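Q: My request is simple: use the sequences and hints to build the entire structure.
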Amino acid sequence: MLILLLLLNLFHFAATQILPLPRQKPAEEIFRNMTPCSRTHILDDAPTYYEFKNDNHRLQQLRVDQYRVDGDLILGGVLDVCPANDYKFELVSDLPVPLECSQRHILDDAPVYYNNSLSDCKAKVDHYIADGDVILGAVLAVSVKKPKDYFLVSDLQSAFASCHVIPMDLWQVLTFAFVIDEINKREDLLPNITLGFEIYDSGICEITTIERTFRILSGNHKLIPNYSCRKQEKVLALIGHLVPSCSQAMADLLSLYKYTQISYGAKDPMLDNKDQYPYIFSTIPSEHSLNEAVVALLQYFEWKWVGIISCSDVKFERSSEEMKKEIIKIGYCVEFFIVVDDRREIFLTGKIQKSHANVIIIYCSLHTFTSASSWFFNSNGKVLITITEGGKFLSDDSNLYYANGSIWFSTQKEDILGLKGFLQSESPTALPGNMFLDTLWEDPLIHLQNEFSINLLYNIHTAVYAAAHALHGLAYKPHMKENRKQQILQKFIPWQLNGHMKNVSFTTPDGKKIYFDERGNVPGYFDIWNVVILPNGTLVNVEVGRFDSSAPQGKKLKLNVSKIKWHPDFIQVPKSVCVESCSPGYRKALREGQQACCYDCVLCPEGEISYIGDMDNCIKCKAHEWTDDRRDKCIQRETEYLSFHDYLGICLTAICLFLCVITTGIYSIFYRHRATCIVRANNLHLSYILLFSLTLSFLSSLLFIGRPKQVTCLVRQVTFGIIFATELSTLIGKTITVIIAFSATKPGSKLAKWMKTQITYRILLLLLIGQVIICSVWLVCSPPFPDTDTKSKTGMIILLCNEGSVVAFYIMIGYIGILAIVSFLLAYYARRLPDSFNESQLITFSMLVFCSVWVSFIPAYINTKGRSVVAVEVFAILTSNAGLLGFIFIPKCYIILFRPELNTKEHLMRKI
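Letter by letter, the sequence shown follows residues -16 to -1, 1 to 896 in mature numbering (1 follows the signal peptide of the UniProt record, and there is no 0).
Everything labelled a hint here was simulated from the structure, so no lab data went into it.
Being a predicted model, the structure only gives us computed values, none of them experimental.
Warning: the hint list may mix true and false statements.
What the hints assert, rightly or not - Dumping the calculated DSS-like pairs for lysine-lysine here, alpha-carbon to alpha-carbon at most 25 Å:
{"id": "1", "residue 1": "K540", "residue 2": "K169"}
{"id": "2", "residue 1": "K397", "residue 2": "K496"}
{"id": "3", "residue 1": "K540", "residue 2": "K397"}
{"id": "4", "residue 1": "K559", "residue 2": "K496"}
{"id": "5", "residue 1": "K242", "residue 2": "K258"}
{"id": "6", "residue 1": "K540", "residue 2": "K496"}
{"id": "7", "residue 1": "K242", "residue 2": "K496"}
{"id": "8", "residue 1": "K309", "residue 2": "K540"}
{"id": "9", "residue 1": "K542", "residue 2": "K497"}
{"id": "10", "residue 1": "K169", "residue 2": "K313"}
A: Dropping the structure here:
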């Protein structure tokens, strides 16, 4: 009210700047005299033709509805003083209740509601009633109420003082009566129960809709809110309405009394809110299923960049917002979202022309859509997807050339057996209680309606059958006695039907299954049409597909693309994207500040692929796979290991076998010359043990070559460690033997007694046991096993043996290193002993080579990858063993074979 006062003062101030202002009553006094819900008029003598009356004849009308200052010129202004809602509920405490209406409604604590109605805009007879065991109420859109269209200037006052009731769809009433009669004749549905009905005309007016709903609930043509004037509660459910606003008005009321409501024509996402409207069902596909159909079409053609145009109507705006959410949910984008406004027509034309979206979704009424066609006159090359209430385009409208190649949706055509003939041949005289029909039939306009919407009548047919099946499920439960059925009918409680409505499931005569989803809507069956302009200029609609929301995923949309004729600007299926799709092998990189459909394409990194276009992220290949050059598929990695067939493997194997042959030859030489001084002076048995150990060590290197297996991985490092420990322990034993032998010859030496105790073999066994313990603990706690390495080399799988415990491996190597150092120190100490065949010097040089090899091995082993790791270890084994063999045994063999004169006792005694 304060805002209105400010507007009037502003208007007053503007007028006084031009014209002198006579003294008038203050605006505050005018507003104090105005009722909260009045209507404004600019003519002083104009009647108040919108008067608000109630059944107690309380009149609310405008006392002062204008503020005028006379002058030579009049500047007019129309302000909205009345609230937006055309109806409201208010508590009335003194409402008289007839004696026959003493029975309260089910909602005992509900307030008594009072409804305002348009008393000047009524039909003479507005209802059609047939009694029965159970009553099915209906509030239908049979007529529309509006002021008279044609009148004389002299009759201006009377023209606005009353209105005319125009018959719009009498076929709805006839269909309702037809279905009720059909159900009553069936023996398999509600046997022994007669369905009656109370049909009221709402005139497509929210106020009238509420009034008619109250009359059905009260009964006996009474309008007594919260009271029932029937001796027995009979109202099963109410069917209505065609218009969303009227359906919502009914739902607001019926939710209080917990009556089931079945809408047959209203599509409004707000009614899908079951928290607010738990008792409303609909036999028309919901906006959700329609949105699902449109989204399926967009996905089929991969139209990812679209525009949406909506009417400036609450219903259409809400539905368009839901459509936008569904589009965004699947990863597609909306370039623009425009609400139709006549004042923005130039802006809209430019917006559409500049847009990159080739697909535009029109969510408007047919009237608004066709009247706004000028937006597209200069916007050819657009595919329009229209979601209109009316359905088909007007073929005689020359302004619709821009719609050539467009697509639109409609609910599937249905057929009801016997209904068409009934409607075309029926006259009201054949139906009982036909005063309402007679009244409408007298209007000449009804006979101009040669066509009727079969889909709309099919929805009414489905609504009545759904209520009948729900009652059948309630009253005819298995093993229920007949008297129990009568008790249910006599003590029927409205909310009991709601649970059975949720479980309703039946098949229509054309084979379609009807049930209600969690939103209270039936499955969506839609026909898809293509608008085609023939060469002669004729506009035709061609059916090109269907959508069934109840079908399994992937089979809901059926489209015959060959039938679709696109706009002449397109030589192939139109594309509608912000950017071209990324090819397989690339991923999307979003552009900062832009929608998700606008992105750059980035090549997938190595080891990752994208096998389809427009992937958000690349997918990593499995461990045994790698990417191809195009990065669009994973291929099997090549395996790598030190094989016997590789050049490196062949070379190492040849060296190993050669050294084994050399060692065997030396052993045979020593065996054949075992009686000579040079062989006997160096402890023959220890030399045999050392040669045997060297042979085994050379052969053990073959365990490192070839494909790693469980057995080879388990024994190769252990075998290598124990054999090397045996070699080094033997060298230590040989060196200690020499030291003890020369130290025992000194007078008073205590080492003489050790010469008789086999000290060398004890030392050998003791040192060897230490390595065996280390290797045994390693095998028990964390044994080696076959493994793969996919990171060292790109696109390769390196087959290797995982050591299990790296610590155990380096402890074993460390133990070998300790033995080597001890052997080197002892040999270095004994190098100057006076023995012609003293091999301490030879052992010293061999240990230098041995230690040098293994000191170099550790960093090389750590830094080398792939099969080279194995080759390094094999090379270290062969090199270190070859050093021992070459420095210790080759000089002796040379003396035995080529200098036999040095292998005599005389030469030995001469050295001493």
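Q: Taking the earlier hints as the rules, which of them does this structure contradict?
A: 1, 4, 7, 10
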